[in-house]
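Fit chain B to the given chain A structure using the hints.
Keeping their order, the protein sequence lines are chains A and B.
Using the working numbering, read the first sequence as starting at 1 and increasing by one per residue.
Using the working numbering, read the second sequence as starting at 1001 and increasing by one per residue.
Keep in mind the hints are simulated off the structure, nothing from the lab.
For clarity, every value in this text was computed on a predicted model and none was experimentally measured.
Note that the Cβ used here is the ideal one computed from N, Cα and C, for glycine as well.
Among the hints, erroneous ones may be present.
[Said to hold, decoys possible] Which chain B residues stay away from chain A? Per the calculated CB distances, all over 10 Å, these: (1) 1029; (2) 1067; (3) 1069; (4) 1086; (5) 1092; (6) 1101; (7) 1102; (8) 1141; (9) 1204; (10) 1306; (11) 1308; (12) 1310; (13) 1328.
[As the list claims (entries may be wrong)] Here are the in silico distance ranges between beta carbons for each label pair: (14) B:1321 - A:264: 36 to 42 Å; (15) B:1277 - A:47: 37 to 43 Å; (16) A:234 - B:1307: 40 to 46 Å; (17) B:1304 - A:132: 42 to 48 Å; (18) B:1076 - A:97: 41 to 47 Å; (19) B:1152 - A:47: 17 to 23 Å; (20) B:1326 - A:123: 53 to 59 Å; (21) B:1263 - A:36: 24 to 30 Å; (22) A:318 - B:1152: 37 to 43 Å.
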Amino acid sequence: MADHVPLLSVERASCHFEGPGGRFAAVDGVSLEIAAGEVVGLVGESGSGKSTLGRLITGLNQCSSGSIRFAGRALPTRYRAADFRYYADKIQMVFQDAYGSLNPRSRVSEALAEPLLLQGLRPREAQLRASQWLERVGLSAQMGARFPHELSGGQRQRVGVARAFINRPQLVICDEPVSALDVSVQAQIINLLRDLQREEGVAMLFIAHDLAVVRYLADRTLVMYRGKIMESGDSGAVFTQPRHPYTQTLLAANPVADPQLERQRRGSVPAAAGIIAREGEGCCFAPRCFQAQPRCVSEEPLLEAQGENRRCACHFPLGL
Amino acid sequence: MSQSPESPLLAIRDLQVRIGPVRAVRGVSLEVRAGECLSLVGESGCGKSMTAMSLMGLLPRQAQLSASDWHFDTLRPGSFSARQWQQFRGEQVAMIFQNPMTALNPTMRIGAQITEPLRAHRGMSRKQAQREVERLLERMSITNAAYRARQYPFEFSGGMLQRVMIAAALACEPRLLIADEPTTALDVTVQAEVLALLDELRRERNMALLLITHDLGVVARMADRVAVMYAGEIVEEGSAEQLFYHTAHPYTEALRASVPTLSHGDRLPAIAGTPPDLRSEIGGCAFMPRCAYAMDICRETPAYYPLEAGHCSRCWRWHPDCPQRGLGAGDHG
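Chain B with its partners taken away, still in its complex shape:
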């Protein structure tokens, strides 16, 4: 709170996560400002969930993490003890998951699951917490809250459970909410409601939102800024407009092209091949074997080239000396 509005709420540099032989995250740097929605996009196995778990201090025990310049406001999560992490989670950062049915305890009443953080973090009495739960559920547009709070997860629909999870996550008014594929399991109409709710809460509380998704439609609806991940690293980052209208990395371009749209097109330009095996060392650009723009120099690791304000691409095509600078000549077009 002591910081100026321009400085990020969360900043981390060169995050590396290794689980046994797998290098799940290979040098990710992120910044999220208060009230901002940053979307982390990528396909399964690209390390986006592992990045989120690192930020929550929830990595599996055998995982090894390293990072530099890790700030959360004035806090330094890099040197937290287990106890400090526990305090940090819930109060400062909260997380919601793709599948609320498995994230909630099936044998506990809905109300009790939301009271838990309130009693633990905010030291409320049972009575106070109960009232707060009802208020929260009503805020999530769950009618008949007092009655609903006494029900069990199986008595709720998927969309309602996602609201319950959001209510539990927001119980202690965290300053950053990490949402990992929050609407992937939901119908489009319910998805629209949950997204609208998240957006409203973000504006209302000036809360930062880290939205992890593979759905570019959801990104376009929600994100201020977007970071695209591939094989454990960020390959392109910029504002939503920059990413969608001035795409600067071949992977982002291929990903965009492979999504069918409501306007009819011909054959979908699918991305051939599969992502690299993160157990072996990746020399050069990780996307090279699947890239329509690949050049000889791509065997060497590209730097992260800045294009314009806040827009970066990890592609040799943006090297100042590249003869055909930029995209637009490849097969993906």
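Isolated chain A, as found in the complex:
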């Protein structure tokens, strides 16, 4: 990737919030790159900073330090209305709560036409495109006359997807787009996202806590914990041969729909080694790690390359 500029490059980005215990870093010096048309998965537990990272890229939160470049151009540190408008046809976002992200007082067709009107399209054209997109996401054009509350959860998320894709962005950030949906509806939305991503050739950052969903959609996966990236690599490799103990812990905890396998696995979730770490020193995962050693609390492991496309922040990576 050295020979050309990546679509998105995040360099040592941090985001601090004021909490009850003082300042804390939701995102702590994260670097990543996304190539045009690439689907990158981002997994981690709640509070790992994965949503904040997505929001930094879309400009909904500001970096405290570090920088984010899109197609070689630095994103503004503080967005103005004009900046949001400028990036509206470049970076878009699909949210978890489609109901909360749609205006309850505007009809579906209005919600879809709005981003087009802001891009300077004529109303007639915008309406036409809105109804085309309704059909593209699997809704009938008549649905355009409805209000968000008149739609089911799955239908609302289809509208959310259409609204993100309608301006033909180059990068779509999906923040837990299916975790609020029923199993069968989840599958419909996952298929829709996958089809649209391929047809449009758009790059995607897919944020989810559901490992299987990420494994299904993403070419490459990043694993985040406490604001830092612990491991990254091709999805197949990360999920079948995890290098970082945290990834291993997540995989072991993830229930699979196979009773015999589950019975074998019962009680096999590795317990923490019980090493005591001081806050802010050493590896942030050490207190929960099943193989933590004294070095883990004295020295922070860096995210280092381990083979092709593989990075891991651990002194004692697994499987080596």
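Structure of chain B alone, referenced to chain A:
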């Protein structure tokens, strides 16, 4: 306690719940034995929570319920007065919910919320109850219990609150615990801990567990027996192994296929269409419009056909005279 181990702790037949025009539950029969984990699986609106609420006597006032042969050990919940229900809940049956933050009182200290059932049902003094609370919290692996008991819900994480709710539910040592999506709001690692805790408590106390969930992974980890619900009725029931390895209803099959797995596959076979509107009368099989195996006869209501020991499927494919008996020829494969 007077009954033999084979007879169920809880049995209910032909449970019907109607709320205004909606037939939320359309003839559900269930049996749960002591120490057993029965999982009730289905998507939103299939009536699984309404079934649980019926068993707890917590249906909304406008709901109409009917059932036959409703037993809980020697008790007959079908004819309970409000007072009897109150006694029954907590002592015999307890329930935990998906979202502990809304199920607990935000203005009450954690300890007080667990003491409440202890004082009401077991007549403990304040001192005794306090000690019991600390013991319970410690059992739930909450460290520094005495201090924690004086905190408020907002000072706890989601996983800890779920433990608090389990502690409150178990305070009076119920014989049946109903868990309605207990880990849906939790991270996988915390989910694993809460599930392990529930499983341990079930074994330790020979407590029956009715686990309501839509997550087939959770079902595979926890359940002895599984009942799959669709449009207000049970469409398939059997042991976990029967359900997962010898799936006998097209809906169960489609549901299983639509879950992405960690081993990479191609396009997910999603279930097309939506569940039927429970306000109108459903003639024939409720799943027919979405079914890959649909036949002409599916316009008529299928019976509940037994396959092998304890395994039943509400599908015409299992009728003894069906020419292509069983699944395996449909699009879901």
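Quick rundown of the hints versus the structure:
no., hint, in the structure
1, 1029, "23 Å, holds"
2, 1067, "27 Å, holds"
3, 1069, "30 Å, holds"
4, 1086, "34 Å, holds"
5, 1092, "29 Å, holds"
6, 1101, "13 Å, holds"
7, 1102, "16 Å, holds"
8, 1141, "12 Å, holds"
9, 1204, "15 Å, holds"
10, 1306, "21 Å, holds"
11, 1308, "17 Å, holds"
12, 1310, "15 Å, holds"
13, 1328, "19 Å, holds"
14, B:1321 - A:264: 36 to 42 Å, "40 Å, holds"
15, B:1277 - A:47: 37 to 43 Å, "40 Å, holds"
16, A:234 - B:1307: 40 to 46 Å, "43 Å, holds"
17, B:1304 - A:132: 42 to 48 Å, "46 Å, holds"
18, B:1076 - A:97: 41 to 47 Å, "44 Å, holds"
19, B:1152 - A:47: 17 to 23 Å, "20 Å, holds"
20, B:1326 - A:123: 53 to 59 Å, "57 Å, holds"
21, B:1263 - A:36: 24 to 30 Å, "28 Å, holds"
22, A:318 - B:1152: 37 to 43 Å, "40 Å, holds"
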